[in-house]
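Trainee: Sequence:
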Amino acid sequence: MLTFSEFVIYLCIGLVSGFMSGMFGIGGGSVRIPLLNLAGLPLISAFGINLFVIPFSSFVGALKHRENINKNIGVYMIVGGALGSIAGAISVGLIPNLALAIIFAIIAILTVFGIYLDKIDPRISQALDPTPRDFILIPFFLNLITGMRGGSGGSLFPPFLKAMKQDVHKAIATSLFVTIFTSLAAMVIYWHRGNIVWLPALCVLIGSIAGARIGSGISIKAKPFWLEIGLVVLVMVLAFSVIYKALCIRN
-11 MLTFSEFVIY LCIGLVSGFM SGMFGIGGGS VRIPLLNLAG LPLISAFGIN
39 LFVIPFSSFV GALKHRENIN KNIGVYMIVG GALGSIAGAI SVGLIPNLAL
89 AIIFAIIAIL TVFGIYLDKI DPRISQALDP TPRDFILIPF FLNLITGMRG
139 GSGGSLFPPF LKAMKQDVHK AIATSLFVTI FTSLAAMVIY WHRGNIVWLP
189 ALCVLIGSIA GARIGSGISI KAKPFWLEIG LVVLVMVLAF SVIYKALCIR
239 N
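Counting in this note's numbering, the sequence shown runs from -11 upward without gaps.
Note that these hints are calculated values from the structure, not bench results.
The model shown is predicted, which means the values in this text are computed figures rather than measured ones.
For each residue, glycine too, the CB sits at the ideal point set by N, CA and C.
Among the clues, some could well be false.
[As the list claims (entries may be wrong)] For lysine-lysine, the following DSS-like pairs were computed, each having C-alpha atoms within a straight-line distance of at most 27 Å:
(1) Lys107 <-> Lys209
(2) Lys209 <-> Lys153
(3) Lys233 <-> Lys52
[As the list claims (entries may be wrong)] Pairwise CB distance ranges, derived in the manner of DEER restraints:
(4) Phe228 <-> Lys153: 22 to 30 Å
(5) Cys236 <-> Phe(-8): 51 to 59 Å
(6) Lys153 <-> Phe129: 27 to 35 Å
(7) Phe(-5) <-> Phe213: 17 to 25 Å
(8) Ile91 <-> Leu116: 36 to 44 Å
(9) Cys236 <-> Ser79: 39 to 47 Å
(10) Gly81 <-> Asn60: 16 to 24 Å
(11) Leu235 <-> Ile78: 35 to 43 Å
(12) His180 <-> Gly205: 34 to 42 Å
(13) Arg111 <-> Cys236: 17 to 25 Å
(14) Trp214 <-> Lys59: 36 to 44 Å
(15) Val225 <-> Val176: 42 to 50 Å
(16) Cys0 <-> Phe228: 20 to 28 Å
(17) Val63 <-> Met(-11): 37 to 45 Å
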């Protein structure tokens, strides 16, 4: 049984990470996992709980954003992303944590540039002509990397979609739609291993659903300019926090 204070802590972790998920179209794991670990759960259990929660919180967010979902792109991303998530979940621990963190940070920084590619170099932006194969292969790679860290790829999907000529509202909506399925694929692996601690998971789930609903409501009404700024700041903070945490673990 959980104590009352533990119940409140897990509920608040869910609320904060769910809000970020609904607001910016991310899975929320980059916020949820370190907080669960800080609350005393082993990292592998934090991974499992995160992947259990994401399908539900992303569904709530996607429902709110449903009019902006690009289903044609989303279907291809689900195929590549789900395969990448499964491969990443199976491969947890094979690549050193620091190397994984550096790869994640480099990809994150590149995707941030992608958000403003139309302003940085309009010629390259106009020349981009993404194919269905791109929407399968790139999510596969993104999810392979994030899957090794217990994530669903959601933190990198919105900037990737923005780089692929989707406006920020469509990028957020489509990311939420895709992460429902990519996280389910990886969650099955963690469930089978027995890595999901159910009472904390249910508390985090309740908070995440509430947070995702609030965040999505604000996101829909927000101006694209502020969403882009918020997304850039969030992705950069997550990228450097991942490296910092990896360095701390190494030392």
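Trainee: If a hint holds in the structure, say so; if it does not, say that too.
Mentor: These are the hints, each one checked on the structure:
no.	hint	result
1	Lys107 <-> Lys209	holds, 24 Å
2	Lys209 <-> Lys153	holds, 21 Å
3	Lys233 <-> Lys52	violated, 33 Å
4	Phe228 <-> Lys153: 22 to 30 Å	holds, 28 Å
5	Cys236 <-> Phe(-8): 51 to 59 Å	violated, 31 Å
6	Lys153 <-> Phe129: 27 to 35 Å	violated, 19 Å
7	Phe(-5) <-> Phe213: 17 to 25 Å	violated, 39 Å
8	Ile91 <-> Leu116: 36 to 44 Å	violated, 23 Å
9	Cys236 <-> Ser79: 39 to 47 Å	violated, 23 Å
10	Gly81 <-> Asn60: 16 to 24 Å	violated, 36 Å
11	Leu235 <-> Ile78: 35 to 43 Å	violated, 26 Å
12	His180 <-> Gly205: 34 to 42 Å	holds, 35 Å
13	Arg111 <-> Cys236: 17 to 25 Å	violated, 42 Å
14	Trp214 <-> Lys59: 36 to 44 Å	violated, 26 Å
15	Val225 <-> Val176: 42 to 50 Å	violated, 30 Å
16	Cys0 <-> Phe228: 20 to 28 Å	holds, 24 Å
17	Val63 <-> Met(-11): 37 to 45 Å	holds, 43 Å
Consistency note: the structure conflicts with the earlier hints numbered 3, 5, 6, 7, 8, 9, 10, 11, 13, 14, 15.
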